[in-house]
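Enquirer: Work out the full structure, taking the sequences as your base and the hints as a guide.
Protein chains in written order, with my numbering: chain A, 1 to 319; chain B, 1 to 253; chain C, 1 to 283.
Mixed in with the good hints, there may be bad ones.
Claimed, not checked - Cut-off 30 angstroms, straight-line C-alpha distance, at most; resulting in silico cross-link-like pairs (BS3-like, lysine-lysine):
id, chain 1, residue 1, chain 2, residue 2
1, B, K101, C, K5
2, C, K106, A, K312
3, C, K98, B, K101
4, C, K185, B, K101
5, C, K248, B, K112
6, A, K313, B, K112
7, C, K100, A, K312
8, C, K106, C, K185
9, C, K7, B, K121
10, B, K101, A, K313
11, B, K132, C, K98
12, B, K121, C, K6
13, B, K112, B, K101
14, C, K60, C, K248
15, C, K13, B, K167
16, C, K248, A, K160
17, B, K187, B, K231
18, C, K98, A, K313
19, A, K129, C, K100
20, B, K187, B, K131
21, B, K131, A, K312
22, B, K119, C, K98
23, A, K313, C, K100
24, C, K6, C, K16
25, C, K5, B, K196
26, B, K112, C, K7
27, A, K313, C, K106
28, B, K101, C, K7
29, C, K5, B, K119
30, B, K187, B, K33
31, C, K98, A, K312
32, B, K112, C, K6
33, B, K167, C, K7
Hints are computed from structural coordinates only; laboratory data are not their basis.
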Amino acid sequence: MSDLKNKNKKSWTSLFFDPKIRYMNSKNNKNGLVNYILILTTLVSLITTIGIIVILLTDSFHFFKEIQIFDFLTGTNWNPLIEPNKSYGVLPLVAGTMMITVGSAVIAIPVGLGSAIYLTEYSSSRFSKIIKPIMEILAGVPTVVYGYFALTFITPNILKPIFPNIQTFNALSASIAVGIMILPMVISLSEDALNAVPESIRQGAYAMGSTRFEVASRVMVPSALSGIISSFILAISRAIGETMIVAIAAGMRPQLTSSFLKPIQTMTGFIVQISMGDTPVGSLSYYTIFAVGLLLFLMTLSLNIISHLILKKYREVYQ
Amino acid sequence: MSNQNVLEVKNVDFFYDDFQALENISMNIEKNKVTALIGPSGCGKSTFLRTINRMNDLIEGTRLEGNILFDGESIYQENIDVVNLRKRIGMVFQQPNPFPKSIFENVAYGPKIHGITDKIKLEEIVIESLKKAALFDEVKNRLDSSALSLSGGQQQRLCIARALAVKPEVLLMDEPASALDPVATAKIEDLIGELKNEYSIVIVTHSMQQAARVSDMTGFFLMGELVEYDKTDKIFENPSDQRTEDYITGRFG
Amino acid sequence: MISLKKKRMLTDKIFKVIFLIFISLGLVVLAALIYDIVSKGIIMLDWEFFTRFDSRFPAKAGIKAGLFGTIYVIGLMIPITFFVGTATAIYLEEYAPKNKLTDLIKLNIANLAGIPSIIYGMLGLGVFVRYLNMGRSVLAGALTLSLLVLPVVIVSAQEALRSVPNSLRNASYALGANHWHTVYKVVLPSALPSILTGFILAISRAIGETAPLIMMGALTFVMFTPQGIMDSFTVIPIQIFNWTSLPKAEFELVAASGSLLLLILLFILNGLATFIRYRYSRK
Numbered sequence: 001m002s003d004l005k006n007k008n009k010k011s012w013t014s015l016f017f018d019p020k021i022r023y024m025n026s027k028n029n030k031n032g033l034v035n036y037i038l039i040l041t042t043l044v045s046l047i048t049t050i051g052i053i054v055i056l057l058t059d060s061f062h063f064f065k066e067i068q069i070f071d072f073l074t075g076t077n078w079n080p081l082i083e084p085n086k087s088y089g090v091l092p093l094v095a096g097t098m099m100i101t102v103g104s105a106v107i108a109i110p111v112g113l114g115s116a117i118y119l120t121e122y123s124s125s126r127f128s129k130i131i132k133p134i135m136e137i138l139a140g141v142p143t144v145v146y147g148y149f150a151l152t153f154i155t156p157n158i159l160k161p162i163f164p165n166i167q168t169f170n171a172l173s174a175s176i177a178v179g180i181m182i183l184p185m186v187i188s189l190s191e192d193a194l195n196a197v198p199e200s201i202r203q204g205a206y207a208m209g210s211t212r213f214e215v216a217s218r219v220m221v222p223s224a225l226s227g228i229i230s231s232f233i234l235a236i237s238r239a240i241g242e243t244m245i246v247a248i249a250a251g252m253r254p255q256l257t258s259s260f261l262k263p264i265q266t267m268t269g270f271i272v273q274i275s276m277g278d279t280p281v282g283s284l285s286y287y288t289i290f291a292v293g294l295l296l297f298l299m300t301l302s303l304n305i306i307s308h309l310i311l312k313k314y315r316e317v318y319q
Numbered sequence: 001m002s003n004q005n006v007l008e009v010k011n012v013d014f015f016y017d018d019f020q021a022l023e024n025i026s027m028n029i030e031k032n033k034v035t036a037l038i039g040p041s042g043c044g045k046s047t048f049l050r051t052i053n054r055m056n057d058l059i060e061g062t063r064l065e066g067n068i069l070f071d072g073e074s075i076y077q078e079n080i081d082v083v084n085l086r087k088r089i090g091m092v093f094q095q096p097n098p099f100p101k102s103i104f105e106n107v108a109y110g111p112k113i114h115g116i117t118d119k120i121k122l123e124e125i126v127i128e129s130l131k132k133a134a135l136f137d138e139v140k141n142r143l144d145s146s147a148l149s150l151s152g153g154q155q156q157r158l159c160i161a162r163a164l165a166v167k168p169e170v171l172l173m174d175e176p177a178s179a180l181d182p183v184a185t186a187k188i189e190d191l192i193g194e195l196k197n198e199y200s201i202v203i204v205t206h207s208m209q210q211a212a213r214v215s216d217m218t219g220f221f222l223m224g225e226l227v228e229y230d231k232t233d234k235i236f237e238n239p240s241d242q243r244t245e246d247y248i249t250g251r252f253g
Numbered sequence: 001m002i003s004l005k006k007k008r009m010l011t012d013k014i015f016k017v018i019f020l021i022f023i024s025l026g027l028v029v030l031a032a033l034i035y036d037i038v039s040k041g042i043i044m045l046d047w048e049f050f051t052r053f054d055s056r057f058p059a060k061a062g063i064k065a066g067l068f069g070t071i072y073v074i075g076l077m078i079p080i081t082f083f084v085g086t087a088t089a090i091y092l093e094e095y096a097p098k099n100k101l102t103d104l105i106k107l108n109i110a111n112l113a114g115i116p117s118i119i120y121g122m123l124g125l126g127v128f129v130r131y132l133n134m135g136r137s138v139l140a141g142a143l144t145l146s147l148l149v150l151p152v153v154i155v156s157a158q159e160a161l162r163s164v165p166n167s168l169r170n171a172s173y174a175l176g177a178n179h180w181h182t183v184y185k186v187v188l189p190s191a192l193p194s195i196l197t198g199f200i201l202a203i204s205r206a207i208g209e210t211a212p213l214i215m216m217g218a219l220t221f222v223m224f225t226p227q228g229i230m231d232s233f234t235v236i237p238i239q240i241f242n243w244t245s246l247p248k249a250e251f252e253l254v255a256a257s258g259s260l261l262l263l264i265l266l267f268i269l270n271g272l273a274t275f276i277r278y279r280y281s282r283k
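Expert: This is the structure in structure tokens:
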């Protein structure tokens with residue numbers, strides 16, 4: 001009986017531990033305990049993912065019981081709170097998120113890639129050593145602080161003189177702040193990608209009589225392209241999920257507009273608005289945030305997976 | 001006489017920070033000859049090779065004293081155009097390092113950056129260079145496939161073709177066959193013999209047999225010094241320095 | 001020909017300047033941000049700011065509730081995150097066999113790092129606040145933040161463990177030590193400085209996190225400090241967010257004071273991480 005039990009135990013643990021390594025056979029009981037603790041902690045991350053999926057699905061289920069998915073995804077009017085004309089078309093929120101994403105990408109991608117090229121091709125190692133900790137600080141600035149900066153500095157001091165009719169809450173200042181927020185990420189991931197190109201290829205390019213710019217633009221960037229693109233996608237995914245900057249600086253008006261000077265609302269901004277308010281738990285309005293959250297989750301998840309696939313392909317090129 | 005010398009090296013010292021890697025090197029490199037540089041690893045022969053096209057500039061903290069004349073003109077004077085220098089002095093590296101582009105694009109890279117945009121002309125150059133590098137027949141049907149799909153020996157000949165495409169006057173080769181198998185090595189060596197009619201070649205090698213097979217002149221480096229520099233036959237049959245003799249008879253290194 | 005050469009050199013120089021401007025942009029923005037926050041934030045930042053609760057009047061508003069809330073939440077999440085994060089990294093680097101399950105776990109961690117923080121707030125609300133009945137407590141907040149930063153902590157601890165040379169492990173085995181002993185007494189101590197560096201940076205990120213805590217129901221206007229882990233709370237960044245959304249112009253200055261406090265905390269933690277990295281990388 002106890003033999004059978006042992007056998008079962010072994011086949012179960014062999015999933016988690018390499019049976020060839022002797023550590024499972026230790027007679028020291030404490031070691032056995034350690035093994036189980038390690039498995040338990042590792043399972044936390046799996047359970048987290050499962051938890052997220054379960055919560056989003058069950059709570060948005062209540063929403064989709066009453067609102068057709070098709071209407072939700074294609075409706076152009078978002079008004080879940082105010083009677084009598086409640087409407088649940090998510091497109092204005094998606095459009096708002098897209099504006100912020102595109103706006104921030106337009107800033108962060110060229111500036112980030114250019115900075116990474118400067119660090120790998122042009123700058124001295126001393127300069128890089130000074131720059132990197134500063135970028136780390138830039139990456140660590142809390143997003144509420146960026147939001148505050150966008151609302152109280154970027155809009156009145158920088159944008160207002162250029163666009164006199166800009167509104168207090170607007171998509172532009174939020175885009176700029178989100179762009180700055182994701183910039184360190186683009187720089188450091190693109191730099192990693194450029195540094196992963198074998199040094200011999202860079203030297204080959206210089207030996208052909210290339211200028212630094214030609215080495216960077218014609219050889220290094222094309223060689224590192226998949227890594228660079230994957231860094232762009234990760235940064236875009238980050239911008240889509242960014243919450244506090246848009247909640248503070250972009251406004252709370254879900255509308256389909258092409259003007260960056262007007263207030264908008266993003267998916268994340270809407271979620272914050274509802275959770276700050278006094279929407280009763282269990283009401284349809286309350287469940288909207290889970291439907292929007294599910295959409296947000298699916299968007300960022302698919303971007304992350306795409307980025308992962310591109311990177312995986314990239315690794316195979318040099319090995 | 002000086003017409004015969006494509007490169008004149010005069011009292012060159014070279015430093016990595018505080019470490020002196022080359023000490024008082026002087027040698028004349030003759031036109032349309034193959035000059036081999038031999039010596040044990042770490043003796044400075046590769047470092048010396050990289051002073052000729054100023055590739056060492058890419059390493060921070062390096063410094064050169066003395067002078068190198070190329071066609072009678074100093075390559076270490078201020079205002080020298082390093083980019084143009086590297087166009088005129090091509091280089092082939094130890095490890096084949098094709099760009100991750102197509103075969104055609106690899107060879108066309110140099111002419112393109114140096115301003116040739118005409119498609120027909122580019123094609124001509126690519127084919128001519130591939131033929132010179134004795135690679136054309138093997139790749140003529142797949143010029144658009146990736147250079148990384150070639151074998152190591154083919155990749156190295158592609159790198160030679162890439163270097164030839166900008167019509168250099170001098171070709172520097174840094175142990176070009178050390179990563180290749182014997183068959184591929186033989187092909188590269190045959191190629192060197194043909195190329196010297198048009199180019200002056202400086203080749204670094206750790207294989208004495210290779211130096212004896214391919215070169216007209218041989219320089220022996222030891223611990224940053226040029227111990228002996230003479231006709232290859234002389235070096236291998238009747239060296240005048242005891243250290244050279246010890247090395248070529250295999251007593252060290 | 002000459003004009004082409006000049007053109008190439010010029011292009012090279014022009015792009016050097018452009019790239020330099022690009023990289024300076026980050027620095028300029030950081031400088032502007034610090035200047036803006038410091039010049040506005042210093043006005044209302046006095047001792048009273050730390051000892052007063054929030055108020056409807058800007059001149060009387062203080063950060064006490066948020067400060068204590070942050071200390072409670074972060075103080076509680078530090079041991080949880082460090083333990084779970086390091087243990088997971090040890091398992092993945094030192095124990096895990098290569099099979100589909102462990103591949104899945106690794107892929108999953110990479111994906112978790114890319115999930116927006118507000119989604120973690122939904123998880124916290126659904127699991128800790130509602131399902132496990134913890135309410136909108138310090139404990140629920142600390143657990144939510146723990147889950148949020150865990151992927152970052154795990155990945156950086158994995159890198160730290162990976163950089164320990166195998167020769168060290170072999171030396172320990174050669175002395176007859178068993179696997180856990182080797183990990184605990186040899187590998188972990190030599191990886192600890194870089195594990196700590198990554199961990200401190202993750203904590204500094206957690207201190208500034210706002211969205212997940214708002215989402216899980218942390219309060220915004222609080223007139224008390226938490227007395228235990230089951231009490232409700234607010235944190236510094238939520239108070240800042242609240243102040244930025246108030247119409248009275250003077251609250252802008254209060255929000256700046258709160259932001260200044262956050263930035264100072266960020267600098268201290270970043271400095272600490274850099275110090276540890278510098279000190280131990282010289283060896």
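Enquirer: Confirm or reject each hint.
Expert: To see whether the hints hold, each was checked on the structure:
no.: 1; hint: B/K101 <-> C/K5; result: holds, 25 angstroms
no.: 2; hint: C/K106 <-> A/K312; result: holds, 14 angstroms
no.: 3; hint: C/K98 <-> B/K101; result: violated, 34 angstroms
no.: 4; hint: C/K185 <-> B/K101; result: violated, 49 angstroms
no.: 5; hint: C/K248 <-> B/K112; result: violated, 63 angstroms
no.: 6; hint: A/K313 <-> B/K112; result: holds, 29 angstroms
no.: 7; hint: C/K100 <-> A/K312; result: holds, 16 angstroms
no.: 8; hint: C/K106 <-> C/K185; result: holds, 25 angstroms
no.: 9; hint: C/K7 <-> B/K121; result: holds, 21 angstroms
no.: 10; hint: B/K101 <-> A/K313; result: holds, 16 angstroms
no.: 11; hint: B/K132 <-> C/K98; result: violated, 49 angstroms
no.: 12; hint: B/K121 <-> C/K6; result: holds, 23 angstroms
no.: 13; hint: B/K112 <-> B/K101; result: holds, 14 angstroms
no.: 14; hint: C/K60 <-> C/K248; result: holds, 13 angstroms
no.: 15; hint: C/K13 <-> B/K167; result: holds, 26 angstroms
no.: 16; hint: C/K248 <-> A/K160; result: holds, 20 angstroms
no.: 17; hint: B/K187 <-> B/K231; result: holds, 24 angstroms
no.: 18; hint: C/K98 <-> A/K313; result: holds, 20 angstroms
no.: 19; hint: A/K129 <-> C/K100; result: violated, 40 angstroms
no.: 20; hint: B/K187 <-> B/K131; result: holds, 13 angstroms
no.: 21; hint: B/K131 <-> A/K312; result: violated, 37 angstroms
no.: 22; hint: B/K119 <-> C/K98; result: violated, 51 angstroms
no.: 23; hint: A/K313 <-> C/K100; result: holds, 19 angstroms
no.: 24; hint: C/K6 <-> C/K16; result: holds, 15 angstroms
no.: 25; hint: C/K5 <-> B/K196; result: holds, 28 angstroms
no.: 26; hint: B/K112 <-> C/K7; result: holds, 14 angstroms
no.: 27; hint: A/K313 <-> C/K106; result: holds, 18 angstroms
no.: 28; hint: B/K101 <-> C/K7; result: holds, 25 angstroms
no.: 29; hint: C/K5 <-> B/K119; result: holds, 20 angstroms
no.: 30; hint: B/K187 <-> B/K33; result: holds, 19 angstroms
no.: 31; hint: C/K98 <-> A/K312; result: holds, 17 angstroms
no.: 32; hint: B/K112 <-> C/K6; result: holds, 16 angstroms
no.: 33; hint: B/K167 <-> C/K7; result: holds, 21 angstroms
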